[in-house]
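Chains as they are written, first to last, in numbering that gives the first Met the number 0: chain A, 0 to 215; chain B, 0 to 202; chain C, 0 to 238; chain D, 0 to 238.
The hints are simulated quantities; they were obtained by calculation from the structure and are not laboratory data.
Now the in silico label distances, taken between C-beta atoms and shown as ranges:
| no. | chain 1 | residue 1 | chain 2 | residue 2 | range |
| --- | --- | --- | --- | --- | --- |
| 1 | C | D5 | A | G166 | 51 to 61 angstroms |
| 2 | C | P14 | D | R100 | 38 to 48 angstroms |
| 3 | C | S228 | D | D106 | 28 to 38 angstroms |
| 4 | D | D12 | C | A220 | 46 to 56 angstroms |
| 5 | D | R64 | A | P165 | 34 to 44 angstroms |
| 6 | B | D121 | A | V131 | 35 to 45 angstroms |
| 7 | A | P143 | B | P17 | 30 to 40 angstroms |
| 8 | B | G24 | A | T152 | 23 to 33 angstroms |
| 9 | D | R172 | C | A220 | 10 to 20 angstroms |
| 10 | B | P17 | D | R13 | 36 to 46 angstroms |
| 11 | B | P171 | D | D106 | 22 to 32 angstroms |
| 12 | A | Q114 | D | R17 | 52 to 62 angstroms |
| 13 | C | T104 | B | S11 | 22 to 32 angstroms |
| 14 | C | R4 | D | D106 | 53 to 63 angstroms |
Built from N, CA and C at the ideal position, the CB exists for glycine as well.
Chain residues, written in single-letter form:
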Amino acid sequence: MAESPAQAVRYRGLTARDLALVAVFAALLAALSMPFAIPVGPVPITLQTLGVMLAPAILGAKRGTLSILTFLALTLAGLPLLPGGRGGIEPFLGPTGGYLLGWVVGALVIGLLTQTLMRRYRFWGGFLINIVGGIGAIYLVGVPWSALYLGDTLLAGFIGAGVFLPGDLAKAVLAAAIAAAVHRAYPVPPAGRRVTGDRDAENAAGPDAESEHPRA
Amino acid sequence: MNVLGLFVPGRSVLHRLPAGAKLLGLLALVTVLVVLDDHRAGLVATPAAALACLAAYPASGLGLRRPLRLLLPLLPFLAVIALFQTLTGDPRAAFRVCLLLVAAVLAAGLVTFTTRVSAMLDLFERLARPLAPLGVRPDRVALVLALTVRSVPMVAAAWQESRDACAARGLPAWPHLTVVPVIVGMIRTAEAMGEAMTARGVD
Amino acid sequence: MIELRDVSHAYGDRPVLRGISLDLTEHRIGIIGANGSGKSSLARTLNGLVVPDSGTVRVDGRDTRRDPRAARRRVGFVFSDASTQILMPTVAEDVALGLRRAGLTADETRTRVDAVLDRHGLLDHRDHPAHLLSGGQKQMLALASVLVTKPDVLVCDEPTTLLDMHNARVIERTLRSLPQRLVLLTHQLDMLQGFDRVLVMDGGRVVFDGAPDEATAHYTALMDARAASMEPSNQGERA
Amino acid sequence: MIELRDVSHAYGDRPVLRGISLDLTEHRIGIIGANGSGKSSLARTLNGLVVPDSGTVRVDGRDTRRDPRAARRRVGFVFSDASTQILMPTVAEDVALGLRRAGLTADETRTRVDAVLDRHGLLDHRDHPAHLLSGGQKQMLALASVLVTKPDVLVCDEPTTLLDMHNARVIERTLRSLPQRLVLLTHQLDMLQGFDRVLVMDGGRVVFDGAPDEATAHYTALMDARAASMEPSNQGERA
Ligand SMILES: Nc1ncnc2c1ncn2[C@@H]1O[C@H](COP(=O)(O)OP(=O)(O)OP(=O)(O)O)[C@@H](O)[C@H]1O
Ligand SMILES: Nc1ncnc2c1ncn2[C@@H]1O[C@H](COP(=O)(O)OP(=O)(O)OP(=O)(O)O)[C@@H](O)[C@H]1O
Ligand SMILES: O=C(O)CCCC[C@@H]1SC[C@@H]2NC(=O)N[C@@H]21
Ligand SMILES: [Mg+2]
Ligand SMILES: [Mg+2]
Chain A
0 MAESPAQAVR YRGLTARDLA LVAVFAALLA ALSMPFAIPV GPVPITLQTL
50 GVMLAPAILG AKRGTLSILT FLALTLAGLP LLPGGRGGIE PFLGPTGGYL
100 LGWVVGALVI GLLTQTLMRR YRFWGGFLIN IVGGIGAIYL VGVPWSALYL
150 GDTLLAGFIG AGVFLPGDLA KAVLAAAIAA AVHRAYPVPP AGRRVTGDRD
200 AENAAGPDAE SEHPRA
Chain B
0 MNVLGLFVPG RSVLHRLPAG AKLLGLLALV TVLVVLDDHR AGLVATPAAA
50 LACLAAYPAS GLGLRRPLRL LLPLLPFLAV IALFQTLTGD PRAAFRVCLL
100 LVAAVLAAGL VTFTTRVSAM LDLFERLARP LAPLGVRPDR VALVLALTVR
150 SVPMVAAAWQ ESRDACAARG LPAWPHLTVV PVIVGMIRTA EAMGEAMTAR
200 GVD
Chain C
0 MIELRDVSHA YGDRPVLRGI SLDLTEHRIG IIGANGSGKS SLARTLNGLV
50 VPDSGTVRVD GRDTRRDPRA ARRRVGFVFS DASTQILMPT VAEDVALGLR
100 RAGLTADETR TRVDAVLDRH GLLDHRDHPA HLLSGGQKQM LALASVLVTK
150 PDVLVCDEPT TLLDMHNARV IERTLRSLPQ RLVLLTHQLD MLQGFDRVLV
200 MDGGRVVFDG APDEATAHYT ALMDARAASM EPSNQGERA
Chain D
0 MIELRDVSHA YGDRPVLRGI SLDLTEHRIG IIGANGSGKS SLARTLNGLV
50 VPDSGTVRVD GRDTRRDPRA ARRRVGFVFS DASTQILMPT VAEDVALGLR
100 RAGLTADETR TRVDAVLDRH GLLDHRDHPA HLLSGGQKQM LALASVLVTK
150 PDVLVCDEPT TLLDMHNARV IERTLRSLPQ RLVLLTHQLD MLQGFDRVLV
200 MDGGRVVFDG APDEATAHYT ALMDARAASM EPSNQGERA
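Please put together the full structure from these sequences, using the hints given.
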């Protein structure tokens with residue numbers, strides 16, 4: 000079962016630990032979502048986008064995006080996880096529903112950029128990535144969606160960017176700082192089990208992905 | 000957290016309909032209203048649908064407080080839409096869009112209030128089945144959803160631990176000190192949970 | 000029967016198991032040793048949670064490397080921290096989790112879950128949120144959730160930590176009355192009375208293997224020696 | 000000196016402390032009792048971490064409700080799970096954290112941190128990631144991080160769980176040699192030898208208050224009674 004150096008190390012699937020990480024970060028988003036919302040105009044300022052940026056910045060694209068989806072699925076199923084004890088299907092249909100979908104795209108973008116651009120997580124890189132994914136991508140979905148209801152893109156853009164931008168920028172800073180500190184204090188190994196080009200090795204490595212990634 | 004969520008127990012027709020049927024009905028209603036657009040039919044059907052949905056609340060034992068609470072956060076939006084569309088000279092569109100929103104939110108609320116969270120989660124699991132060829136495993140979908148519900152109180156526990164850790168050293172629980180330990184604590188918990196899952200043959 | 004042949008394992012470049020060969024057949028086996036001596040790592044190899052870097056572990060003849068699922072079905076595991084072992088929102092759901100793959104009907108599952116809950120004094124709490132149980136109840140739940148899968152061997156890693164005298168006794172009594180074979184890792188030496196065999200680990204090796212009294216004497220001597228040399232018994236750090 | 004006057008507290012509608020009045024002046028005080036009897040809740044009131052629903056707690060005359068900071072500066076806390084107490088990435092940073100408000104220069108901080116690390120055998124690990132320490136080392140770090148702030152009283156909630164005999168002895172010896180006053184919560188009754196006073200808690204009340212031997216006898220009788228009535232000693236569940 001020797002591993003030739005030519006075989007690139009890849010990770011495939013999700014281990015039980017990954018499922019637990021997805022669940023725990025979905026729960027973190029729920030905790031950030033519930034407690035408070037500053038009602039500015041129609042869409043509240045909340046800490047939610049902080050959770051949306053943290054999950055992919057710490058867990059990577061796959062697990063990060065899945066944890067956002069998990070949160071949204073539970074909300075959709077009727078748990079009161081949104082600010083003001085809201086939940087169910089109606090938040091998805093309303094004028095702010097686009098932001099909820101935007102979170103998924105945003106998390107995916109942040110995760111992919113973090114994975115591909117940064118070998119070690121750095122604050123400044125993370126901050127820029129959070130702006131691209133956690134603000135750019137989310138608004139890109141959320142603003143046109145609101146515009147659909149308001150009948151005016153400019154107005155929707157103003158309500159989106161104008162009202163949320165200061166808060167979201169602050170959250171991008173916070174998320175990058177927190178993610179950098181977490182990566183330093185307790186790095187999370189990549190998702191999935193390690194596989195090599197060798198088919199047998201793939202099976203063998205299966206059960207024990209954890210021990211394959213020594214921390215340090 | 001209440002595992003019943005927003006579900007209101009009852010025995011009405013809506014309560015007894017399967018979750019899938021209700022979701023399908025909701026989808027159909029919203030699609031029809033959107034498609035009818037600004038034609039005259041739309042101007043009649045949209046308020047009719049909104050009224051019907053509103054009437055369905057007391058009829059299903061949900062009272063009238065719940066729909067009103069649903070509509071409350073919508074009001075600023077409705078105001079902006081009405082104002083803006085009227086200013087741009089299309090009061091008919093203002094009327095229709097506002098009522099479409101009201102109808103959709105009320106209909107969605109009917110589904111939410113009359114469907115158990117567990118029934119909805121089962122539905123998601125079934126909906127995930129066709130995705131199996133893409134590597135989605137429905138049993139895992141269900142597992143992660145349940146695991147998340149279980150994990151919500153753990154966030155509070157991790158936060159309490161970090162607060163305690165600050166207090167132990169005579170420091171106030173400043174968020175900038177506690178956030179990272181909270182997240183690290185949750186990652187460590189997740190690792191232990193993953194191991195417990197593997198040990199019980201669920202992975 | 001669990002066979003280990005020349006099992007070695009390292010985390011990164013830190014060796015934690017060094018060439019361990021054992022046949023575990025006795026009904027009740029204890030494992031003791033200093034912090035970091037490799038007890039938990041050894042225990043994790045028994046059901047394939049850790050597949051050793053070299054050497055083989057066979058459970059009833061099946062290699063845990065090839066077939067970890069078979070090992071996990073036969074070898075149940077209870078960890079010391081009960082709250083991280085609760086995976087589902089309610090007590091009954093948590094116990095039922097281990098039966099997912101057993102291909103039982105809903106009724107059969109319910110019957111089996113209720114039987115296990117009853118045996119461990121948790122039936123009144125079946126629909127209770129599991130995280131609201133008390134410490135002793137959580138540990139019982141962790142035990143019940145594993146026993147419902149009917150493993151042949153139960154591995155318990157310090158299952159009575161943080162429990163008061165009464166709860167610790169209840170868990171201990173439950174463990175002693177199990178028909179299953181038991182592998183118990185503990186720092187509380189009095190729990191090993193009447194055990195058939197006790198292993199003492201040190202530095203990734205089994206340094207003693209025999210009767211409980213002699214094993215605890217060996218362990219105590221080891222600890223005394225460490226105290227004399229005044230080095231802390233932290234055999235390596237978590238890498 | 001810590002004074003409690005008619006302290007009562009509930010989590011939700013579950014009472015956990017019921018009318019406790021105490022003057023804690025002795026050098027070494029132990030607290031024992033069943034799981035859920037309220038030991039940790041009581042301990043948390045001593046430094047204002049929990050402000051009771053009714054009654055007052057005064058530390059050196061200052062009410063923890065009015066001035067929780069003063070109480071926290073005087074009363075340090077060490078919990079059983081050391082890893083939850085690590086707040087900073089490396090060992091030295093973690094110890095230095097408690098000195099933030101002391102208004103020391105960087106050099107003074109470093110000197111004090113190093114002195115404490117040296118005293119607790121951690122100086123070689125000063126720049127090591129704190130989460131990667133072994134169990135015994137983490138517990139020592141938790142102790143060091145609190146002691147560096149020089150509290151008058153140290154409250155320890157089961158500080159030797161999960162430690163091996165040697166590490167447990169080292170921690171115990173360290174605790175016994177402290178010049179500070181000590182309040183120790185434990186399920187390990189042998190740690191209470193030579194203590195000046197031991198409280199036994201049950202159901203949110205102090206049901207015995209006296210010498211260690213009598214206290215442990217009282218506690219053991221309580222546990223035996225519970226065993227006889229076969230009810231689990233799970234005094235309420237966590238809400
Ligand atoms: N997942 C892991 N990654 C890296 N190192 C690890 C891991 N698990 C354990 N170790 C290290 O391996 C060594 C042996 O650990 P193990 O948990 O087997 O010891 P133990 O005998 O169970 O100790 P304790 O009495 O403290 O439970 C220790 O140095 C530990 O820090
Ligand atoms: N933060 C909390 N929220 C709600 N209930 C709590 C909380 N902390 C403790 N409790 C409950 O209060 C009661 C007393 O708990 P406490 O932790 O003081 O007991 P203890 O004597 O320290 O028990 P143990 O020996 O298990 O540590 C228990 O029923 C517990 O479940
Ligand atoms: O609660 C809802 O129904 C959705 C709220 C959406 C909030 C969006 S996310 C991006 C932007 N930043 C904020 O702080 N709030 C909005
Ligand atoms: Mg161990
Ligand atoms: Mg306690």
